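4 protein chains.
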Amino acid sequence: MYRSETTVRVRYGETDQMGYVYYGCYAMYYEVARVESLRQLGLTYKSIEAQGIIMPVLENKSKYIAPARYDELLRIVCVIREKPGIRIKFDYEIFNEENKLIHIGETLLVFVDKQSSKPCKPPETMESVLQPFFK
Amino acid sequence: MYRSETTVRVRYGETDQMGYVYYGCYAMYYEVARVESLRQLGLTYKSIEAQGIIMPVLENKSKYIAPARYDELLRIVCVIREKPGIRIKFDYEIFNEENKLIHIGETLLVFVDKQSSKPCKPPETMESVLQPFFK
Amino acid sequence: MYRSETTVRVRYGETDQMGYVYYGCYAMYYEVARVESLRQLGLTYKSIEAQGIIMPVLENKSKYIAPARYDELLRIVCVIREKPGIRIKFDYEIFNEENKLIHIGETLLVFVDKQSSKPCKPPETMESVLQPFFK
Amino acid sequence: MYRSETTVRVRYGETDQMGYVYYGCYAMYYEVARVESLRQLGLTYKSIEAQGIIMPVLENKSKYIAPARYDELLRIVCVIREKPGIRIKFDYEIFNEENKLIHIGETLLVFVDKQSSKPCKPPETMESVLQPFFK
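Chains as they are written, first to last, in the working numbering: chain F, 1075 to 1209; chain D, 1075 to 1209; chain P, 1075 to 1209; chain X, 1075 to 1209.
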């Protein structure tokens, strides 16, 4: 498995009038965690798209354990448990500044060839950077 | 069960560079569907909050079957299958303009007394409007 | 000049912890007003893009007179004062449910040929529907 | 005057189908720049609110010189030119990774006493950290 950590600072515009982070904002936090997770391996999602592969989301799940609040520096642990095939799954655990687990999520994405609009294998650049974690 | 329908027009700012609705925007569509679902019964979420009850989200799940695109008038079928206790669950099916099912989702929310910060029963106004659907 | 009206219902996710609509959400309301303004003339922005013309924003200005709040049905008066050349300007006045003017805005956009990435004239379909208003 | 710099990484969800950052997302970037600008002086906006002072926006202006794109690490230069009274103005210049100026903006905010809902002076904590820059 491949495990990484990212931090995200809660923006004012991401709170709602309950005083919590709006439940719809977590998907964006997941996106940041996924992208930074890959960047830590030297891979950018931008470069994947530049190779003609897009990664639409198939499934997304979220458990809201406790609210996140304005200006908190959230720590997101992002894990790829299984070697990606034509699909890749990311798991997330989000911790607040008191190091309390406040949120759990997961996202399933599919690799799609932009030309043919058909599912495809991950780009070689991704396979090679992930390989050491899935022996 | 209680079933309702709402339409949502996709905004330009909700698309991403893939040309699809960003996966994180569906949670906002769900919110619109829930709120309009209750409004069709004469109940506003605003009035629930005014009674001192907030409804934070506990769980959210999404299946992305096909992309939604800019300017499409999406039809959201929103269903409450079980009589709400201290929790309430909403199921959604989203159809595009060709009447194709493109998305399935569900959200579990909890009723919380704003003063005590403790889970509570639904407000009586909600129980009374929902009662006919759960005999 | 061409004047139109649209309504927008404030979503929960658009509020912030001040209990107001987040100041960054008005740009999206403007977008809805522009798009519906054209639709009332039988023209969709989608069809403009389909003709190979995109309309990036050059300038945006906002005056926040009074806050908008959750669930309010805002009324947006949208005005095109001058016949569009390679640029088009939209003015907005937003009224709350008490019919109080709470917000003023304006957006300047440019017509750009997607192929050449150069500024261009408005599409003929737009010129023809707007012509009656700028004699 | 007080000048600071912040960086913001463009998120996928902030792009639109034009392939640019959606014009409505810049207000959120401004917010990040303002908040980090104060944090560099040891002051958090969170602590200002905790003192019972909120800072609603009165005016916002944006010039879009060139598009920002996905994954770019934008550099935002944020300047307070005048010593704040009951109002405070922030100017922004946004540079892309090629160090090209792509965007100019400004935001005028007002200090409001949350209890009385009336305009008020900046909190003393802010006055003291800003004082050295406005002699």
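There may be inaccurate statements among the hints.
Since the list gives no way to pick one copy over another, a pair counts as held whenever it fits inside one copy or between any two copies.
[To be verified] With a cut-off of at most 27 Å between alpha-carbon atoms, the simulated DSSO-like pairs for lysine-lysine come out as follows: (1) Lys-1195 - Lys-1137; (2) Lys-1209 - Lys-1195; (3) Lys-1137 - Lys-1209; (4) Lys-1209 - Lys-1174; (5) Lys-1174 - Lys-1188.
To be clear, the hints were calculated from the coordinates, so they are not data collected in a lab.
What you are looking at is a predicted structure, and each value in this text was computed from that prediction instead of being measured.
- Item | Violations among the numbered hints | The structure conflicts with hints 3, 4, although it agrees with all the remaining ones.
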